[in-house]
Amino acid sequence: MSQFALEITDLKKTYDSDVVALKGINLSVKEGDFFALLGPNGAGKSSTIGIIASLVTKTAGTVKIFDIDTDLNFPEAKRLLGVVSQEINFNNFEKVIDIVTTQAGFYGIPLKESKLKTEITLKRLGLWEKRNEQARTLSGGFKRRLMIAKALIHEPRLLILDEPTAGVDIELRREMWDFLKEINAQGTTIILTTHYLEEAEQLCKNIAIIDHGELVENTSMKDLLSRLDVQGFVLDIDKALDQPPSIPNFPITLEDSTTLNVAIQKDQSINDLFDQLTSLGINVSSMRNESNRLEEMFIEMVKKS
Amino acid sequence: MKRRNEILVSLITLIRKEIKRYLRIWVQTLVPPAVTMSLYFVIFGSLIGPRIGTMDGLDYIQFMIPGLIMMSVITNSYANVVSSFYSVKFQKSIEELLVSPMPNWAILVGFIIGGVSRGVLIGCIVFCVSLFFYPSFTIVNPLLTILVLFLTAILFSLMGFINAIFADSFDDISIIPTFVLTPLIYLGGVFYSINILPDLWRNISMANPMLYVVNTFREGMLGVSDVSIPFALSMIIFFIAVLTSACLILLHKGVGTRQ
Chain A
1 MSQFALEITD LKKTYDSDVV ALKGINLSVK EGDFFALLGP NGAGKSSTIG IIASLVTKTA
61 GTVKIFDIDT DLNFPEAKRL LGVVSQEINF NNFEKVIDIV TTQAGFYGIP LKESKLKTEI
121 TLKRLGLWEK RNEQARTLSG GFKRRLMIAK ALIHEPRLLI LDEPTAGVDI ELRREMWDFL
181 KEINAQGTTI ILTTHYLEEA EQLCKNIAII DHGELVENTS MKDLLSRLDV QGFVLDIDKA
241 LDQPPSIPNF PITLEDSTTL NVAIQKDQSI NDLFDQLTSL GINVSSMRNE SNRLEEMFIE
301 MVKKS
Chain B
306 MKRRNEILVS LITLIRKEIK RYLRIWVQTL VPPAVTMSLY FVIFGSLIGP RIGTMDGLDY
366 IQFMIPGLIM MSVITNSYAN VVSSFYSVKF QKSIEELLVS PMPNWAILVG FIIGGVSRGV
426 LIGCIVFCVS LFFYPSFTIV NPLLTILVLF LTAILFSLMG FINAIFADSF DDISIIPTFV
486 LTPLIYLGGV FYSINILPDL WRNISMANPM LYVVNTFREG MLGVSDVSIP FALSMIIFFI
546 AVLTSACLIL LHKGVGTRQ
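The listed protein sequences correspond, in order, to chains A and B. Just so you know, my numbering puts 43 at position 43 of the first sequence, and the rest follows in order with no gaps. Numbering-wise, my numbering comes out as the position in the second sequence, counting from 1, plus 305.
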């Protein structure tokens with residue numbers, strides 16, 4: 001049994017319009033991983049996912065899903081794979097239950113069994129109450145859940161989600177995160193593309209960044225974040241100030257009279273900052289990251305590439 | 306064995322989906338051909354027909370019945386597949402099929418059976434309607450009639466499938482039926498025998514593929530035809546084979562379906 005859920009070797013894609021989407025990607029995702037594939041718009045993420053899912057034809061290279069070469073036995077590989085596309089891809093005029101049952105049928109699951117599986121999956125995703133509604137009447141969030149239900153109906157070992165929480169409100173996004181964490185904990189390998197970098201930071205163990213059809217980074221989330229040299233923090237203080245306090249080696253700016261912005265170097269201790277603020281009679285009531293750390297790193301890498 | 310069963314289940318699922326699709330909207334799919342053909346029978350059969358007299362030795366309405374059934378079968382089997390397959394492309398629900406382990410041939414067969422079932426069902430409805438206007442109608446060769454009915458529905462379902470593969474807009478799926486199929490059907494001997502045409506137009510008509518389909522069906526129903534039946538049947542089967550191969554190659558290459 002392969003330890004890799006996905007192995008991509010020298011994957012290339014040139015579209016008919018001569019646009020080169022992938023210039024030879026090499027990527028491996030371990031079984032059980034929660035993997036983030038990031039990149040700006042047009043970087044080649046969706047082309048990569050499209051090729052894995054057989055929605056896009058590749059120009060060159062190989063794709064293996066749990067050691068099964070898709071060129072040699074794509075049906076078997078597809079049985080192990082579930083894909084949640086970026087765009088809605090079901091008939092809006094069909095009932096929720098029919099959409100999921102039909103998808104199960106396409107995977108060769110007999111009707112009686114597929115009805116049972118549909119019930120379990122819809123209940124798991126909070127869609128059971130809406131089973132007899134036409135898909136077009138669902139809210140954006142429920143449509144996303146329906147997409148996930150379709151992708152999970154045949155119990156895939158590898159689930160790929162292409163921006164699953166795009167346009168979803170914060171509450172529902174958090175619910176989805178919990179759900180994805182749960183199925184990952186149960187053994188499903190998950191690959192996620194997202195524009196919400198906080199999402200990748202919260203969920204994923206490993207990460208690859210793709211830009212202009214090339215892989216510019218492929219490492220663990222922990223390693224990536226450890227490379228940040230400077231982090232910005234926002235401090236809420238209990239004393240109104242007219243000007244920022246002057247503390248050597250800690251550049252501080254005043255956002256408003258009771259909010260400070262401070263940049264802390266990787267080798268600096270945040271305790272030193274607190275000590276010095278306390279000595280100036282300034283108490284910090286709360287603290288948060290100035291912006292998403294991964295976002296800073298991502299922008300830096302994409303700029304470099 | 307397991308793989309074979311899975312393919313069979315997926316094929317049955319697709320066929321069930323396709324049949325449910327047109328039955329769900331029966332007012333749009335099943336009723337209009339019955340209404341339109343009733344009007345043809347009233348106007349051309351009952352009102353104008355008696356003034357025309359006989360055609361190939363048959364009452365005009367009797368002569369017309371096989372042609373009108375064939376016209377309905379051709380347009381409906383074509384329309385069913387072209388609209389259904391283009392819709393799944395347009396809505397992107399084709400991805401439901403493409404990500405699944407279903408082989409391309411099963412996808413093709415599923416859509417074709419959907420089109421054939423609708424074409425044959427409409428053919429039966431129009432035949433039942435015709436009995437209101439000509440109750441004494443009897444089918445001369447039921448076996449040939451049924452064979453041509455199914456072969457024609459398969460042939461035009463395949464054409465609809467290819468049209469849908471290449472279609473990029475809803476305009477593209479109406480151009481062929483409006484500007485190619487309908488004129489060829491009307492000029493293909495539905496309403497007249499080509500024996501009444503001058504030599505030049507008769508020879509030109511011989512190049513119209515619809516003529517062979519309509520006349521073979523008329524031979525089955527009435528025992529009269531303007532063309533050679535073995536030749537016509539061979540051509541229909543030949544084109545089914547060619548179009549089936551073309552559809553499978555297009556699906557394999559991902560033309561119109563995969564980027």
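There's no promise every hint is true.
[To be verified] Under the rule of at most 20 Å between Cα atoms (straight-line distance), these lysine to any residue pairs were calculated in the SDA-like manner:
{"no.": "1", "chain 1": "A", "residue 1": "Lys12", "chain 2": "A", "residue 2": "Lys95"}
{"no.": "2", "chain 1": "B", "residue 1": "Lys558", "chain 2": "A", "residue 2": "Lys95"}
{"no.": "3", "chain 1": "A", "residue 1": "Lys12", "chain 2": "B", "residue 2": "Lys307"}
{"no.": "4", "chain 1": "B", "residue 1": "Lys307", "chain 2": "A", "residue 2": "Phe93"}
{"no.": "5", "chain 1": "B", "residue 1": "Lys394", "chain 2": "A", "residue 2": "Phe93"}
{"no.": "6", "chain 1": "A", "residue 1": "Lys95", "chain 2": "A", "residue 2": "Asn132"}
{"no.": "7", "chain 1": "A", "residue 1": "Lys117", "chain 2": "A", "residue 2": "Thr137"}
{"no.": "8", "chain 1": "A", "residue 1": "Lys95", "chain 2": "A", "residue 2": "Glu119"}
{"no.": "9", "chain 1": "A", "residue 1": "Lys115", "chain 2": "B", "residue 2": "Lys397"}
{"no.": "10", "chain 1": "B", "residue 1": "Lys325", "chain 2": "A", "residue 2": "Lys12"}
{"no.": "11", "chain 1": "A", "residue 1": "Lys95", "chain 2": "A", "residue 2": "Leu80"}
{"no.": "12", "chain 1": "A", "residue 1": "Lys143", "chain 2": "B", "residue 2": "Lys394"}
{"no.": "13", "chain 1": "B", "residue 1": "Lys397", "chain 2": "A", "residue 2": "Ala135"}
Bear in mind the hints are in silico, worked out from the structure with no lab data behind them. A quick note: this is a predicted structure, and the numbers were derived from the prediction, not measured.
Which numbered hints does this structure break? The structure breaks hints 1, 2, 3, 4, 7, 9, 10, 11; every other hint is satisfied.
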